[in-house]
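S.K.: Next come the chains, spelled out residue by residue.
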Amino acid sequence: MHARVLIRPKAGILDPQGAVAERALGALGFDGVKGVRIGRLVELDVADPATLPEMCERLLANPLIEDYEIIESPA
Amino acid sequence: MKVAVSALHAAARELGLTDAETDLIVELLGREPNTVELAMLSVLWSEHCSYKHSKPLLQTLPTHGPRLLMGPGENAGAVDVGDGWTVAFKIESHNHPSAVEPFEGAATGVGGILRDIFAVGARPIAVLDSLRFGEPGSERTRYLLDRVVAGIGHYGNSIGVPTVGGEVYFEGPYEHNCLVNAMCIGLARADRMIRSAAAGPGNLLVLFGSSTGRDGIGGASVLASAEFGEGDEGKRPTVQIGDPFAEKKLMEVSLELLERDLLVALQDLGAAGLTSSVPEMASKGGVGIDIDLAKVPLREADMRPQEIMVSESQERMVAIVEPPKLERVLAVCAHWEVAASVIGEVTQTGCIRVLSGEELLADLPLDVLVDGCPIYELTAAKPSQPLYSSPPRQLDSTDPNSILLALLASPNIADRRYLYEQYDSIVQSRTVRRPASADAAVLVLPNGRAIATATDCNGRRVAADPYRGTLESVLECAANLACVGAEPLGLTNNLNFGNPEKPHIAWQLTESVRALGDACRAMEIPVVGGNVSLYNESAEGPIYPTPVIGLVGELLSEPSRAACIAFAHEGDAVAVVGAFEPSLAASELAKLRGEPLPDELPEVDVGAACVALAMVRAAVRTGAVHSAHDIAEGGFAVALAECCLAAGLGATVETELSETKLFGEGPGGFIVSGPADQIPGRIVGTVGGERLRIAAAIDIPLDRLGEAHSALAALFD
Amino acid sequence: MKFGVITFPGSCDDLDAQLAVARVGTAVPLWHADHDLQGVDAVIIPGGFSYGDYLRPGAVARFAPIMTEVIEFAHAGGHVMGICNGFQVLCEARLLPGALLTNTSLRFVCRQVSLELVNPDTAFTREAPARLSIPVKHTTGRYYAPEPDLDRLEANRQVVLRYAPGENPNGSARDIAGVINEAGNVFGLMPHPEHAVDALTGSTDGLGLFASLRGCGL
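Protein chains in written order, with this note's numbering: chain A, 1 to 75; chain B, 1 to 717; chain C, 1 to 218.
Honestly, the hints are just simulated from the structure, not real lab data.
Errors might be hidden in some of the hints.
What the hints assert, rightly or not - From the derived model, a few chain C residues whose C-beta atoms are all more than 12 Å from chain A:
#	residue
1	58
2	100
3	104
4	105
5	107
6	112
7	114
8	146
9	152
10	183
11	198
12	217
Unchecked claim - A few chain C residues facing chain B, derived, Cβ under 8 Å:
#	residue
13	9
14	10
15	12
16	19
17	22
18	48
19	63
20	73
21	110
22	135
23	137
24	195
25	200
26	201
27	205
28	216
Claimed, not checked - Calculated from the model, a selection of chain A residues having no Cβ within reach of chain C, i.e. all distances over 10 Å:
#	residue
29	4
30	14
31	16
32	36
33	37
34	46
35	48
36	49
37	50
38	53
39	65
40	72
Remember, predicted model here, so these are calculated numbers, not experimental data.
Beta carbons: idealized from backbone N, C-alpha and C, even for Gly.
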């Protein structure tokens, strides 16, 4: 099974990288851009997709500061 | 036959070889080279590897000294620093890769110079960076500056080598051709140093470190040996990516292998990868090497042989190992989780033979591959027209207060903390003088002695007068060392110039190298090695000629006596040391006023400057002075303001000074402070208060000086 | 007093930490891939980039072989100090509350900072001065914990070091520079006390943090 894991800073946590990108987009003339948040994308092939949440909890994300979303797709 | 030859010429031209060079190759080989051989020859016959345009000049430099242990020709030069310890150092450029991708270009530049240092068996203990950009008003310059600084920090910080110094200048001619030069200093026991000459037929060629991918293909030959213009975006895929974690492990492995005496020779893989490193090892040792590409671990399975041979994948080394020691070598690599493979063996053939399993892909005699490249005598001619346009006028005022504030805010003079705070300057616990606290960085060694190091070069002054400007750069660098009480032990240089095939660039280069030799002979400093970066031109013209000087010196006195820039005590006397005869020619003030470069600089009295240097050095060593700072860009008034700002203390000077005396520049002047009856030089004022006052001309509170001086903060918002 | 100093392949300040603890005791190098603390009395996890820190600082190091023993040692009451990357490792290992985020500047910062000693009554701070000048050097040093947790940390006196007013280099919540666990035997801080043990190279203000541990063996 192929999977993609999207990892984002938790709501409410200051994301300076997102804030900088938002400001830069404004400076380039893209008006009305809000809520830019920058996270990570992990792509992986797994034998047992049921283990993905544990992988996220223990290593791929830090649940204190990050949310994760698992998107599975057939290999 | 004629058709075949021109097809060969066409292929060779693509790789940067002239038709005459291709004909010479055919003549020397007695046959036409095949595709793999042509790729290898084009690399080793490029300026970057062969120094074909610069060798005759470089051979004029003095390379001998009583403390020299390893001179030019090895991966780095080395000097004796006592008690069996030796210090290896070298400077190298990564200009073109940094212009293409500033973060990775600068990062891999640091990675490359670190490998040069541990390739001779020395542990890297410090990095310095010499950077040149266009004016910071340009968006591209701000982008390059931000990413280059981040890239240097990323690599140096991550690997645990402190970045202790360097310089940065902003000038229009660097707008389309930034310079990123990195110098590294390493420390070794003299008896653990190693050379790169392969020896012992039957010994094994071991490749260790990262796997080989398509990184940087064409880098050395194409990027660094030709002008780089518009429409070159297609070369972007050739950018190498650095991995400092891989390099950290590679460094520990290399040093442990040497500590255990397991290697015959060691060489890093830099520009042009295996193609340049393996023939150089074989050539130096007078042997041959067979290399089997089927044994090279690849990141992408479908790589062609010539791609494997010229790949510039980072974080790789090659070593020559005696077969009985192989198992122990592989065990050390395994301990650090570094991959290692035997990819070849030393032969007696005098040839480099490239195989893929049983198939012979290339068979080139070293006397053609390494020694066959023609050496060109430069045709030098002083230009009859100015090469550089005048900078834009930025300052009209003649009021000394306004001038001083404008100079302090000028990008070439303003506070550099926004750059150097992005570098770890203290890891390894040797840093006695951190960036900007003194004119040179000071590092304490295991034997309790200390060394000092600095880099210097004011390209605008070299452009105005290549000979005198270069003399001044060497004097300036030595002056920086004198301020911490250090005397130079050795010099490394990075000659950044335009296209030497043009007579006016050849003239700049010739004059500059002549000055470098004269300065080194006058001060008895050996040149331990260096690097040449030519073809730094764009459609807008050449860069300012920029022979960056790197010096390493020794303190001899207690390291704690190394003087700081900052004034130390209220009431201390302020003195000027040296027969300082400044002029406004090619000064920072002249630049702010938009004046064209002058035809020449005032004559330099090297003898007088050396006397001043020696006086300051002696006074620092005996502890007679409480602070020392050399007078450089912006002249006396700026240097005085810098001493005040570093300390948070004001100063008062009673002598009336002309504009030239206040802001003029020239070599051989210093500001020292301390007890009036102890310090050398002419006493001109007193430390104290919260303002800088110079007779009737200048009266500014410190906080306003500080505000002006922090002008670069805006670039890093 | 034997101080174990862990070396990961990407550790940078491990030798500096060894030199620092050698001033007040004996330094024992510990290798990340071993399962052996060699009978040390306290463990220092030094600064650097443990395994390259490409995922999140400390995220991989937290699972290093030696960390099994370090976690056991800490649960048994052994004293563990994490400096910079070591602090990040201890947070990832949940031995300390909170997390370290990218500096608000998004940039690496190396700077001498002034710190206030908030809790002088810990095993790590008994001999430390009330105000310390110690360098920081990191990209990921912004201390974060949810507001209620921060309140509880302050109430429990678990905030041990704070950046002095105006000195916060990274945007840390409530200027927090160092925290201790509830039991008082695991301490993490972003500033580098091992780089403040010699007047020649800076200050000596960090020495007290190591000296305090003398006599703290299990």
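S.K.: All the hints need checking, so say for each whether the structure fits it.
M.R.: Hint-by-hint comparison with the structure:
1. 58: violated (9 Å)
2. 100: Violated, because the least Cβ-Cβ distance between residue 100(C) and chain A comes to about 9 Å, which does not exceed 12 Å.
3. 104: violated (5 Å)
4. 105: For residue 105(C), whose nearest Cβ neighbour in chain A is about 7 Å away, the distance does not exceed 12 Å, so it is violated.
5. 107: violated (10 Å)
6. 112: holds (23 Å)
7. 114: holds (24 Å)
8. 146: violated (8 Å)
9. 152: Residue 152(C) clear of chain A: closest Cβ-Cβ about 15 Å, beyond 12 Å.
10. 183: At roughly 20 Å from the nearest Cβ of chain A, residue 183(C) sits farther out than 12 Å, so the non-interface label holds.
11. 198: Residue 198(C) clear of chain A: closest Cβ-Cβ about 35 Å, beyond 12 Å.
12. 217: holds (32 Å)
13. 9: Check passed: Cβ of residue 9(C) comes within 5 Å of chain B, closer than 8 Å.
14. 10: holds (5 Å)
15. 12: holds (3 Å)
16. 19: holds (6 Å)
17. 22: violated (11 Å)
18. 48: holds (6 Å)
19. 63: violated (15 Å)
20. 73: violated (24 Å)
21. 110: holds (5 Å)
22. 135: holds (6 Å)
23. 137: This interface hint holds because 5 Å falls under the 8 Å limit.
24. 195: holds (5 Å)
25. 200: This interface hint holds because 6 Å falls under the 8 Å limit.
26. 201: At 6 Å from the nearest chain B Cβ, residue 201(C) passes the 8 Å test, so the hint holds.
27. 205: For residue 205(C), the interface hint is violated, since the closest Cβ of chain B sits about 14 Å away, which is over 8 Å.
28. 216: Residue 216(C) check fails; min Cβ-Cβ to chain B is 24 Å, beyond 8 Å.
29. 4: holds (16 Å)
30. 14: violated (7 Å)
31. 16: The assertion about residue 16(A) is violated, with a minimum of 5 Å to chain C.
32. 36: holds (14 Å)
33. 37: holds (13 Å)
34. 46: holds (17 Å)
35. 48: At about 20 Å from chain C, residue 48(A) clears the 10 Å cut-off, so the statement holds.
36. 49: Residue 49(A) is indeed farther than 10 Å from all Cβ atoms of chain C, at 20 Å.
37. 50: holds (21 Å)
38. 53: At about 17 Å from chain C, residue 53(A) clears the 10 Å cut-off, so the statement holds.
39. 65: Violated, because the least Cβ-Cβ distance between residue 65(A) and chain C comes to about 5 Å, which does not exceed 10 Å.
40. 72: holds (21 Å)
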